[in-house]
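Engineer: Residue-level listing of the chains:
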Amino acid sequence: MTAQLLELLSHPLGQMIAALAAIMAFMAVNGMALQYAERKVAGFIQRRPGPYEVGPHGLLQPFADAGKLISKQLVAPLGADRLLFWLAPLVSVAPVVVCFLPIPFSPLLTGMNINLGLLLILAFSGLNTLALCLAGWGSNNKYSLLGAARAVSQSVAYEIPLLLSVLAVAFQVGSLDLAAIAASQTQGVLSWNVLVQPLAFIIFFISGIAETNRAPFDLPEAESELTAGFHTEYSGMCFGIFFLAEYSYMVVVCAVATALFLGGWDGPVFPGPWWFLAKTFALIFAMMWFRWTFPRVRFDQLLNVCWKWLIPLGLANLVATAAIVKWVQ
Amino acid sequence: MAQDVNSRLTGDYYTAQFGPSLSEEGDTLVLNVGPQHPATHGVLRVIVELDGEYIRRAEPVLGYIHRMHEKMGEVKTYVQYLPNMGRVDYLHALAWNWAYVGAVEKLMGIEVPARAEYIRVITCELNRINSHLLWWGAYLLDLGAFTPILYAFADREHIMDILQMVTGSRLTYCYYRFGGVSADVNDEFIRRTREFVADFKKRLPMYRALVTDNIILRGRCEDIGVLTPEMARRYGATGPVLRGSGVAYDVRRAEPYSVYDRLDFDIPTGQKGDVMDRYEVRMAELDQCLRIIEQALDALPAGAHLSPDLPERFIPPKGEVYFAVEGARGKIGVYLLSDGGPKPYRLKLRAPGFSNLSLFAELAQGTLLADAVSILGSLDLVIPEIDR
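Here the protein sequences come in this chain order: X and Y.
Here the first sequence stands for residues 1 to 329, numbered as in my numbering.
Here the second sequence stands for residues 1 to 388, numbered as in my numbering.
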């Protein structure tokens with residue numbers, strides 16, 4: 001029995017299914033942990049205790065919230081395009097599972113070793129835009145529609161600097177495999193790409209925040225203007241799934257940033273995966289910090305930052321990297 | 001089928017009144033912002049016609065919480081109506097208290113003891129700080145910054161504790177009486193007010209460093225919603241909205257009442273009249289409030305807090321009177337017409353928010369939806385006061 005199971009797991013397909021199942025479990029736990037963490041961080045920044053009533057220090061609050069979301073009725077608005085309306089949350093959460101596959105938590109702990117891992121992540125994370133678009137269109141709500149329109153132009157704009165910064169690192173290492181890129185930075189802190197390519201890191205992180213629709217770039221769901229943007233009409237677990245997808249994308253962006261720029265699993269004393277997770281969650285903490293500190297930018301300002309600053313800087317960085325790589329060769 | 005559903009959902013009277021679309025191609029979107037919307041701070045409704053995210057025109061719809069305050073004034077006696085004033089503008093309730101009490105005192109020729117006048121100044125200015133702080137937090141909430149409102153509430157808490165000691169309530173105060181105030185202040189009130197003034201002076205630079213000088217906030221506020229002095233006058237705007245446009249009009253200076261002519265304070269004004277100027281004027285007014293409170297505390301005379309020779313029943317003589325005070329949102333005016341009976345024959349309340357809101361339709365034209373929300377926030381609207 002055990003032997004059969006091991007044989008099944010050693011098959012690439014079996015390995016992938018096992019990895020996907022593990023990722024889904026990780027996502028669920030992670031969604032709850034991050035939701036708790038976000039509220040505690042917000043509480044800390046706003047000088048209040050945060051959730052405190054359910055369980056010790058409010059630790060059971062995420063379970064209470066999940067229970068509430070699951071038990072709520074799902075309501076589709078009158079005149080909604082039902083197919084698109086119900087499809088949107090699924091389209092939003094499905095690709096993010098795939099995005100976790102190539103992330104190298106350690107040399108051994110990787111869902112699937114493919115040498116085009118970076119490309120896979122970029123391709124599948126782009127699908128999130130489609131989900132927001134479907135949600136906005138299918139809801140038969142003007143706020144949702146405006147939110148979706150914002151989401152599309154924002155995502156399209158910010159994917160370019162994101163790609164440019166990722167390409168600079170890929171040029172330098174000569175690989176699109178996240179594990180190989182992380183492995184190239186294991187000679188101590190000085191070999192980390194954040195010091196070799198600081199500009200690319202800044203561009204990547206800003207674009208990543210915009211791609212995940214986090215404050216100060218949370219325009220698609222800007223609640224003071226668009227009530228809740230694209231998910232205005234979603235109730236119960238459909239909202240919960242959007243929420244889960246957003247937090248999972250945060251982890252993906254921060255994990256990719258860790259692998260690309262922060263040396264991946266590199267670190268003393270503790271085993272690699274712990275270092276990888278620590279770095280990832282440090283970046284997530286920074287994202288939360290931004291959210292609870294800054295006002296929201298306006299839409300034209302958001303696009304101006306992208307087109308006038310990030311893309312030219314990203315291009316310059318890419319050309320400089322290419323020139324140096326060529327010259328070194 | 002879908003068309004029928006949509007027409008059923010949007011076909012109300014005001015949307016119909018909003019008239020035909022401005023665009024000949026019909027590619028504009030008519031959007032109802034409110035009456036239940038986070039940006040309207042209450043039950044205000046604004047119908048906007050959007051071209052993309054740009055506003056072609058906007059039309060505020062009022063009256064969702066019209067509570068007949070003016071009519072109530074005509075069916076209740078002068079004393080019975082007093083508690084209503086705390087509910088008209090719940091954020092600067094004491095200014096409304098003052099406007100009504102002052103009007104009746106003027107009509108009946110009641111003398112107010114000096115101590116009561118100073119107590120009124122101190123409490124009214126504390127209440128003004130409270131109101132400006134809530135505006136500050138709520139406005140930044142409009143801009144998407146979640147944290148400042150909680151800092152503002154921490155300071156508001158101190159003020160509300162102090163005011164609770166003398167007024168007995170925390171929000172809808174009914175503290176002023178014809179001929180004075182209902183309760184004298186004690187030493188603890190004075191000590192805690194001084195403590196608060198000292199503490200709050202240290203908080204203001206922190207607010208500036210954390211929020212006012214933030215590059216995103218500046219980008220969102222500067223050169224947005226520019227209100228010219230000419231336009232502000234045309235609509236009868238008052239308060240920080242008018243002063244932000246560079247007109248140094250403050251009722252406390254222009255038509256001095258109580259002991260304000262004995263106190264030394266500046267009238268902060270802006271230059272451009274944009275949202276940032278209105279913001280800066282309010283922040284500067286917090287400083288001036290502290291100055292006024294300090295001077296009033298130093299000058300607080302001994303004596304009675306309520307005039308000793310008040311009539312048993314308040315039945316003013318025949319006549320009419322207008323009394324105005326400076327509220328946190330602008331000029332609060334009370335017009336009273338008495339026919340010699342126990343109730344006013346006619347009562348008219350001039351709410352500053354009403355005039356300030358009427359600016360919005362013109363100011364919002366051609367701006368982005370996000371800027372319109374910011375402009376609406378910068379007018380510091382309290383909807384119950386507008387609808388009355």
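Keep in mind the hints are simulated off the structure, nothing from the lab.
Hints may be right or wrong, so weigh each one.
Said to hold, decoys possible - Here are some chain X residues pointing at chain Y (derived, C-beta under 10 Å):
1. 48
2. 142
3. 215
4. 227
5. 296
6. 300
What you are looking at is a predicted structure, and each value in this text was computed from that prediction instead of being measured.
We put the beta carbon where it would ideally sit given N, CA and C, even for glycine.
Engineer: Determine for every hint whether it applies to the structure shown.
Structural biologist: Outcome of the hint check:
Annotation: interface hint on residue 48 of chain X holds; nearest CB of chain Y at approximately 7 Å, less than 10 Å. Because the beta carbon of residue 142 of chain X sits about 5 Å from the nearest beta carbon in chain Y, less than 10 Å, this interface hint is met. For residue 215 of chain X, the shortest C-beta to C-beta distance to chain Y is roughly 6 Å, which falls under 10 Å, so the interface hint holds. Here the hint on residue 227 of chain X is kept, as its CB sits about 6 Å from the closest CB of chain Y, short of 10 Å.
Below 10 Å, beta-carbon pairs count as interface contacts, and residue 296 of chain X has one with chain Y at about 3 Å; its hint therefore holds. Given the 10 Å rule on beta carbons, the hint for residue 300 of chain X holds: about 7 Å separates it from the nearest Cβ of chain Y.
Violated hints are absent here; each numbered hint is respected by the structure.
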